[in-house]
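**Q** For reference, the chains in residue letters:
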Amino acid sequence: METSFAITGKGYVIVAADTTSARSIIKMKSDEDKIKTLSPHLLMAYSGEPGDTVQFAEYVERNIRLYHIRNLYALRPSASAAWIRRALATSLRSRKPYSVNLLVGGYDTSEHTPHLYWIDYLGTMSEVPFGAHGYGAYFALSLLDRYHDPEAPLEEGLATLRRCIDEVSKRLVVTPGKYKVKIVDKDGVREVEL
Amino acid sequence: MSIMDQNGGSVIAMVGKDCVAIASDLRLGNQALGVSSNFQKIFPVTDRIYLGLPGLATDVTTLKERFRFRVNMYTIKEEREIEPETFAHLVSSTLYEHRFGPYFCEPVMAGLSKTPSGGYKPFIAATDLIGCLNFAKDFVVAGTASEKLFGVAEGLWEPDLEPEDLFETISQTLMNAVDRDAYSGWGCVVHVLTKDKVITRTLKGRMD
Amino acid sequence: MARRYDSRTTIFSPEGQSFYAMEAISHAGTVLGLLAKDGVVLAAEKKVTGKLLDLSATKEGGYGGSGEKIFLLSSNVIGGLAGLTADANSLVNFARNAAQQHLLSYDEDIPVELLAQRLCDMKQGYTQFGGLRPFGVSLLYAGYDPHYEFQLYRSDPSGNYSGWKATCIGANNGTAQSLLKQGVKDAIGLALRTMSKTMDSTTLGSEKLEFAVLTLDPVTKQPKAKIYRPSEIDALLEKEGLAKKDEDTEMKPAA
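If you read the sequences in order, they're chains A, B and C. In terms of the working numbering, the first sequence opens at residue 1 and continues consecutively. In terms of the working numbering, the second sequence opens at residue 1 and continues consecutively. In terms of the working numbering, the third sequence opens at residue 1 and continues consecutively.
So that you can see chain A by itself, here it is in the shape it has in the complex:
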């Protein structure tokens, strides 16, 4: 089943999402990238109704890019998250709402702080030290309650993420195989292999 995690640490946010693309009980693809880079210091992991996810993620991506082009500076993570949340909240009361859950992680270059926002398809938003979506959330959140440290260096953060992934692999009936892991910090966005 679709699962995504994100955790903050000292000056960084790690965002991870599984890479399966499923239709009913069939795995159609196992190398899908479900984390978009919205701006030089902003990542968004998306999951939910197939179709809605990509449509909505691209809509967000292009609007954030447009703001960047028009104003020569990128929208800050807090402002981006607020805009994305509003888009979902407006969509909720439309004829066909987008059914997309998000984890938005970014590094604020004017404040020099990492930020992570947990957003669901209703437009519920909360800034959190760590967050997760999907069935994996039930295992990961309790594990992160125990092991998460907001001041942890990157290596320790990645080790905690590995614990989450291992736990989900061990206990969840339908486990996602591979994960894509991306990091955002003061130097921007990069992908890492676990």
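A hint or two may mislead.
[Claimed, not checked] Only part of the chain C face toward chain A is listed, based on derived beta-carbon distances under 10 Å: (1) Tyr106; (2) Asp107; (3) Glu113; (4) His147; (5) Phe150; (6) Asp217; (7) Val219.
[Unchecked claim] Using C-beta positions, here's what the derived DEER-type ranges look like: (8) Glu155/A to Gln31/B: 31 to 39 Å; (9) Ser24/A to Gly101/B: 53 to 61 Å; (10) Arg62/A to Arg99/B: 45 to 53 Å; (11) Asp186/C to Glu155/A: 33 to 41 Å.
Don't read these hints as lab results, they were simulated from the structure. Built from N, CA and C at the ideal position, the CB exists for glycine as well.
With chain A held as given, fit chains B and C onto it using these hints.
**A** Using the frame of chain A, we list chains B and C on its own:
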């Protein structure tokens, strides 16, 4: 499973002697799963009005932003701060605009209104999700623990409490009520408004 | 049919400026802005004065000022206006709405340049078609945002805008600008001294002057706009040694 219980959360407001208090829990849930233990549901509107918004979290945020817009425009055009009674009617009419597709929130307000003699009078009010106002003289409650809050508040509240006693009363009422509600809790925040200051305290609660 | 109306309202002079609108501003009271390291200052000359004018509303309550030239546009931007007052009021309302709309969409104060752009987009629209009259208003925007911190912008009726360290709009703006070129050390003092030299009257007092500053609150680090009340302006002039003396219009030498 009501949509009002999707995220959980409760708010209570109480009148004291020349002061008012408003308090809420800090939980944000996704049904039974806890997501955040620092989700604020009470927002300052002016220095003398606080607004609590328990209910569906997406609408909590949307309404908070909409009220901020309306109050800012009111303040900047009128060149004065909005009075609690006026604000209560702003809340009511904003909710009733959506009578047939409502915001799933039940706002609770606490404030101190100016009297003609220059003093301040405690003011509390609550509305239902379509904006029916309830001006109470003692206390108002809302949220997933509202039934429990009614019971405990009925037993603990008494008239003319001083700020510190009111703080103790509202804190005990909220903490004990949310312990009997699975959808509320995870810590509380309490604001006591007096004529010259606002006392804000965060309380630790059971994390289960 | 449209030719029966005056189509020159949107016609440009050889210098590329809209005739009537620019004319309106050159007679308006001076407004000057100064950018300092830790804040922005606006000072304005009031034209509508007189013993019979009811100013009771400006004495207490509100944000201060007399509501003629300096307005709060957003919690992080103050605007100084020169030109047709009625047009200016309409622009102020538009700016306030634009600022709140941004706050609603992005949960952050509108960046100063973006607010200037919003107004200029509209101002430009009124220069393009015959039969419409452009806004006869120039504006100064003094503001703060986390991207570029303190900023000062100026826009004219054509919809042009630009950023400045010190600038001036309205009557006598040439004189003021040459005075401002001396450089900014003490922004409040320089603003007041420049005003005292450019204004027609020989006395400087709250009945002819509006004044505002935007700084950062030392505790919250949030921008804090302050538009001075008449009594505060007089106190400030007193402190700077520019206050008028009773029955004596002679001014003290600038400190």
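**Q** With reference to the structure, classify each hint as holding or not holding.
**A** Verification of the supplied hints:
1. Hint status for Tyr106/C relative to chain A: holds, with the closest Cβ pair at about 4 Å, below 10 Å.
2. Contact between Asp107/C and chain A, as hinted, is supported at the beta carbon level, the nearest pair being about 4 Å apart and thus within 10 Å.
3. Because the closest C-beta pair between Glu113/C and chain A is about 8 Å apart, less than 10 Å, the hint holds.
4. A cut of 10 Å between beta carbons decides the hint on His147/C: the least distance to chain A is about 5 Å, and the hint holds.
5. Among the interface hints, the one on Phe150/C is violated; its C-beta lies about 14 Å from the nearest C-beta in chain A, farther than the 10 Å criterion.
6. This hint is violated: Asp217/C has a C-beta 16 Å from the nearest C-beta of chain A, more than the 10 Å allowed.
7. Proximity of Val219/C to chain A is violated relative to the hint, the smallest CB-CB distance being about 17 Å (cut-off 10 Å).
8. The hint said 31 to 39 Å for the Cβ distance between Glu155/A and Gln31/B, and at roughly 35 Å that hint holds.
9. Checked against the given bound of 53 to 61 Å, the beta carbons of Ser24/A and Gly101/B, roughly 33 Å apart, lie outside it.
10. A C-beta distance of roughly 36 Å is found between Arg62/A and Arg99/B, which places it outside the suggested range of 45 to 53 Å.
11. For Asp186/C paired with Glu155/A, a C-beta distance near 51 Å fails the hint of 33 to 41 Å.
Hint compliance for this structure: hints 5, 6, 7, 9, 10, 11 are not met, and every other hint is.
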